[in-house]
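**Student:** Sequential numbering from 1 applies to the sequence shown in the working numbering.
Possibly wrong hints are sitting among the right ones.
What the hints assert, rightly or not - Capping the alpha-carbon separation at 16 Å, the derived lysine to aspartate or glutamate pairs in EDC-like fashion look like this:
(1) Lys-64 - Glu-26
(2) Lys-43 - Glu-88
(3) Lys-64 - Glu-88
(4) Lys-64 - Glu-46
Said to hold, decoys possible - FRET-style restraints, in silico, Cβ to Cβ:
(5) Lys-43 - Gln-81: 34 to 44 Å
(6) Ser-30 - Ser-115: 36 to 46 Å
(7) Lys-75 - Ile-32: 13 to 23 Å
(8) Thr-52 - Val-23: 17 to 27 Å
Hint data in this document are derived by calculation from the structure and do not stem from the laboratory. Glycine is no exception: its CB is placed at the ideal position from the N, C-alpha and C atoms.
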Amino acid sequence: QVQLVESGGGLVQAGGSLRLSCVASESIGSIIHMGWYRQAPGKQRELVALVTAGGATQYGYSVKGRFTISRENAKNTVYLQMNSLNPEDTAVYYCNLNTIVGPYWGQGTQVTVSS
Numbered sequence: 001q002v003q004l005v006e007s008g009g010g011l012v013q014a015g016g017s018l019r020l021s022c023v024a025s026e027s028i029g030s031i032i033h034m035g036w037y038r039q040a041p042g043k044q045r046e047l048v049a050l051v052t053a054g055g056a057t058q059y060g061y062s063v064k065g066r067f068t069i070s071r072e073n074a075k076n077t078v079y080l081q082m083n084s085l086n087p088e089d090t091a092v093y094y095c096n097l098n099t100i101v102g103p104y105w106g107q108g109t110q111v112t113v114s115s
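Using the sequences and the accompanying hints, generate a full structural model.
**Tutor:** As structure tokens, then:
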């Protein structure tokens, strides 16, 4: 069973930056894409960013131009650099690994942006 471990969340002031990391417990050869979703209180989980096995990226509309996703295959790790954070970015951020045998999710890391 693959495990995903997120880190890097925390409290930051509006306009600040954070970098999230997600490490997979083992190398996955059947990846479709890997990325980040978030869920704010009372809202549905939404896509933040993903990177496909081929390296293509996709971003949620509200984070385009502010967030950057990247991956380091040798370390089974995906990163999310978040800049120009605003209070609307406050949520629990979940790492997602989508493979041909199904999705895997991390436990989530809280990001709180104060105004």
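**Student:** Does each hint hold? Answer for all of them.
**Tutor:** Hints and how they fare:
As the CA atoms of Lys-64 and Glu-26 are separated by approximately 30 Å, the hinted pair breaks the 16 Å bound. Distance restraint check for Lys-43 and Glu-88: the Cα-Cα separation of roughly 12 Å lies within the 16 Å cut-off, and the hinted pair is therefore satisfied. Distance hint between Lys-64 and Glu-88 is fulfilled; the C-alpha atoms sit about 14 Å from each other, no more than 16 Å. With a C-alpha separation of about 14 Å, the suggested pairing of Lys-64 with Glu-46 holds against the 16 Å cut-off.
Look at Lys-43 against Gln-81: about 23 Å separates their beta carbons, and that is not inside 34 to 44 Å. For the pair Ser-30 and Ser-115, the beta carbons lie near 42 Å from each other, so the given range of 36 to 46 Å is met. Remark: the range hint 13 to 23 Å for Lys-75 to Ile-32 is upheld by a beta-carbon distance near 19 Å. For Thr-52 and Val-23, the hinted distance range of 17 to 27 Å is satisfied, since their beta carbons lie about 19 Å from each other.
The structure is inconsistent with the numbered hints 1 and 5, although it conforms to all the rest.
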